[in-house]
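Chemist: Got chain Z sorted already, so can you dock chain V onto it with the hints?
Protein chains in written order, with the working numbering: chain Z, 3 to 492; chain V, 2 to 488.
These are calculated hints, taken from the structure and not from any lab test. Note that the coordinates shown come from a computational prediction; the quantities given were computed from them, not determined experimentally. Hints are not guaranteed to be accurate.
[Claimed, not checked] Taking lysine-lysine pairs in the DSS-like style, the calculated list, with each CA pair at most 25 Å apart, reads:
hint: 1; chain 1: V; residue 1: K222; chain 2: V; residue 2: K81
hint: 2; chain 1: Z; residue 1: K235; chain 2: Z; residue 2: K254
hint: 3; chain 1: V; residue 1: K257; chain 2: V; residue 2: K222
hint: 4; chain 1: V; residue 1: K81; chain 2: Z; residue 2: K235
hint: 5; chain 1: Z; residue 1: K359; chain 2: Z; residue 2: K380
hint: 6; chain 1: V; residue 1: K454; chain 2: Z; residue 2: K380
hint: 7; chain 1: Z; residue 1: K235; chain 2: Z; residue 2: K245
hint: 8; chain 1: V; residue 1: K81; chain 2: Z; residue 2: K359
hint: 9; chain 1: V; residue 1: K257; chain 2: V; residue 2: K81
[As the list claims (entries may be wrong)] Going by beta-carbon spacing under 7 Å, a handful of chain V positions derived as facing chain Z:
hint: 10; residue: R80
hint: 11; residue: P89
hint: 12; residue: G91
hint: 13; residue: Y92
hint: 14; residue: Q93
hint: 15; residue: I94
hint: 16; residue: G195
hint: 17; residue: A279
hint: 18; residue: R282
hint: 19; residue: V290
hint: 20; residue: F377
[Unchecked claim] Just the calculated beta-carbon pair ranges, DEER-fashion:
hint: 21; chain 1: Z; residue 1: Q348; chain 2: V; residue 2: T364; range: 57 to 63 Å
hint: 22; chain 1: V; residue 1: K133; chain 2: Z; residue 2: E343; range: 19 to 25 Å
hint: 23; chain 1: Z; residue 1: E351; chain 2: V; residue 2: V372; range: 55 to 61 Å
hint: 24; chain 1: Z; residue 1: S347; chain 2: V; residue 2: V372; range: 28 to 34 Å
hint: 25; chain 1: Z; residue 1: P297; chain 2: V; residue 2: N225; range: 34 to 40 Å
hint: 26; chain 1: V; residue 1: L370; chain 2: Z; residue 2: N340; range: 51 to 57 Å
hint: 27; chain 1: V; residue 1: N225; chain 2: Z; residue 2: S347; range: 29 to 35 Å
hint: 28; chain 1: V; residue 1: A243; chain 2: Z; residue 2: E343; range: 57 to 63 Å
hint: 29; chain 1: V; residue 1: K133; chain 2: Z; residue 2: S347; range: 21 to 27 Å
We put the CB at the ideal spot given by N, CA and C, even for glycine.
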Amino acid sequence: MSRTALESRRAFAEGTVTATELVETCLNTIERHDAKLNVFLTVADEQARRQAADLDRRRDAKEPLGPLAGVCVAVKDLISTRDIRTTCGSRILEKYTPVFDATVIDRLKQADAIVVGKTNLDEFGMGSSNENSAYGRVANPWDLDRVTGGSSGGAAAVVAADFVPLSLGTDTGGSIRQPAAFCGVVGLKPTYGSVSRYGMVAYASSLEQIGPMARTAADCRAALDVLAGHDDKDSTCSRTPLKDSSWNQSLKGLRVGWVEEHWTDGISEGIAAALRSTREWLEGQGATFVPVSLPHARYGIAAYYLLASSEASSNLARFDGAHYGLRANVKAEGRSGNGLEQMYSQSREAGLGPEVKRRILLGTFALSAGYAEAFYGKASRVRRAIQQDFLEAFQDVDVILGPTTPTEPFRAGEKVDDPLAMYLADVFTVLANLAGLPAISFPVGFTEHPLPLGAQLIGRPFEDRALLDIVERFQDDTDWHLRRPSSLNS
Amino acid sequence: MVDYELIVGLEVHVQLNTQTKLFCGCSTLFGQDPNTATCPVCLGHPGALPVLNEEAIRLAVVTGLALNGSIPPVTRWDRKNYFYPDLPKGYQISQLDHPVVGGGYLDLPAAEGQEPRRIRLTRAHLEEDAGKSLHDETSGTGDSRIDLNRAGTPLLEIVSEPDLRSAAEAKQYLSELKLLLEHLQVSDCNMEQGSLRVDANVNLHVMVDGERVATPIVEIKNLNSFRAVERALEYESQRQLAAFLADGKRIGQVPKQTRGWDDAAQITRVQREKEESADYRYFPDPDLVPIQLAADWVESLRARMSHRPAEIRQRLAGDLGLSDYDAGVLVAMGPACIAYFEQAIAAGGDAKRVSNWLQQDITRSASELGVTLDQFPVPPAVLGELVARIGAGEFTTAQGKDLFQHLLSQGGSVGEAAEAIGIEAVDESALDELCQQLIAAHPQVVDDIRGGKAQAVGAMIGAARKIDRNADPGKVRARLLELIQST
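Excised from the complex, chain Z in its bound form (with noise of 0.2 Å):
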């Protein structure tokens, strides 16, 4: 079992291991194995050895050193980073290589901490299974005849696979949160605004987070204490800084809210048992299960389509061959021809995949005139009224347990034909995006296969670190993220 994030810079600090020494170590790792899973596409080795020598210069130097120095991170390629190929999964932007880093980057290399590489991801995160990369999909180190989920499908996986023990996803719909339950490690959506979206490049602005993937609640807890802050390149990253938690000690007092139709609503058996376990943990722990109730919850997964396919058609727009990425061959033939028009919608038929494609449209339509009240702008009203159940459930309680899927990992190509049912596998996640609010899943069992499952806490605006408190006690006490996958090990 290779380090997690926390062990490797202390392991670093202390002399232990050179960052030259990881950084090796997990090129060697990549190198080995990701034929396998697919989840690179592109390795930073260049900048990441360069880095690496730097940073034990400096050790040697008795400089001081970054929060995060020496750990290895793997960065979802939606993430922009300056110098390193940003492709969000998509042929559009095969041959793009931003001029600037996301401040999330900014904020690592800060940290000291060293990108290996960017990881595949279903095309500018739309997707539930990893399916949708241009680049081929993800394979699960579970089991590799299955999904990973999505869309942050190799951010999961590379921490699953210990590639890496840290990863950068980004959650729009439940993009960490699913994978992470799909590949048994710890995803964390922050608090909207908790975390710059400067440099992520956009799919729906007014709903994604970029948030932390690891084995372990502490080391996401280290990689959010990085990230987080306000940012002035992005206007609606908050000031309100995040909260101090009451449950780093004990969990006795905690009030954990119930969504009854959550438990019931077709979820595997599988699942079902593993939270009720969870629950009981839980309870061992002094917390007290209290029923709310989210009446339009039911109406999360129409919205939430509905919003974020609108935002998606115009912050997609930008994305039509005239001035980066691809563009088709077409001779454009000024202001007279039809030259322009054809470059355009022959660059996005040749660059955009069937998904993306099908969002725009969607997006498109629920925008257009005559149509933009029915259904822009009452997904906009569902959403508040989905910010207001929460609003009144967390009078009673402090955090909200349940699944995080329905289902645990389905195989490669089951849904690929059904986009209805791909959709319903954000069912549970897409409710903390509409809301705004911290969510986080975490393994808590496997089947007899042995396939991964997930619970997802959901806590109050800016209470993100007590969801990370809670998490780790619970891994304190239970070793489901200890187990890793044999499926690398031929």
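Modeler: Below, chain V alone, put in the same frame as chain Z:
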């Protein structure tokens, strides 16, 4: 003869006077090399996010107050979605239903023998400008080039109600609006640089059998000078009348048409019918937060209202005693002129005299030197002193002009200039003494003057010049007549 009325509403796009763009830190300076004043934000790079330049909000609110509009407690951003190569994000950040300014009006100063006119305003909203497309029409290659320096520059779109009734009135509205924006220093309104662009919505109300019939509304774009606005409206009014007489089509019976003004041909041409036009799919921009406009902050900006042309005219004509005409001319000369005027007055210059200097010598010299008044080589305090001392009789008007020329080329103070060109300021007591001496020496002339022959004074002036070479004939004459007739 058909009886009809021209109905015009104008949309004026004003580039606000900010140092940097609306949502990024790039310079708004005109004339930089193509695509150099750009960054990931205004280039629409993936992942880049807009951050509001609050100065643009301040300028918009000042304008809104000056136009008597209402400033809402909250204003919000929307995306207007359409594809064009000079719009790198594929949408423009604009304001749909929570604009920064609601309503308002602009009063047009009454011309001779006319009623004053109040033009109502619909709204004013902020938006970012697009880049510039340069289409190569000559080489035959069909190449188009894009300059994104202008992309993201803040624009305030001021929309009037259809209250304008003639091409001349539209021009007058634009002139008064431009003056207002210049005096508030909200925009430089440089039309050649595209800082002020106009679209017009035009139709006719034609009297048919005693009934008022509205013709279809046409939007005219590309109006890049006041003259173009005037000519386009004149042209369009004739064209629409002819069209109505030919086909009788009324408003609502044909789709709204967009026409472009072709300045070379002096005609409007069809650009598109509304049916083909884009559905902009407006929705609130999720990258920006609504802006709270605190009431006390808005109130604090009312202090700027003293810079409105109407207020300045009133101050100049009412408080400082200029004629309405002179007040109007000075205001029309712009804010630098008013600042110069006010500083010259503060230095002791008489308002009327300073006004004359400004309208004549200073304007001429500034234009010869190719400088604006804020760079004019004779500072307003120096001119004020010069004018004051001429007024006090220390220098003759002719000497004043000599001194002005010297100050213009050499700089320095009035005293230094007088010394340099050998002019001694006349002391008033010396003038009195000289005149008493002359009166005593020429009793006959004095009698003639008292007898009504004022021209007889000439003889004494000749004598005065023999006593004092520097004596100002005009002053000697005036003082002599005053002394003789008062006794």
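Chemist: Hint by hint, which ones does the structure fall short of?
Modeler: 2, 6, 14, 15, 16, 17, 20, 24, 25 and 28
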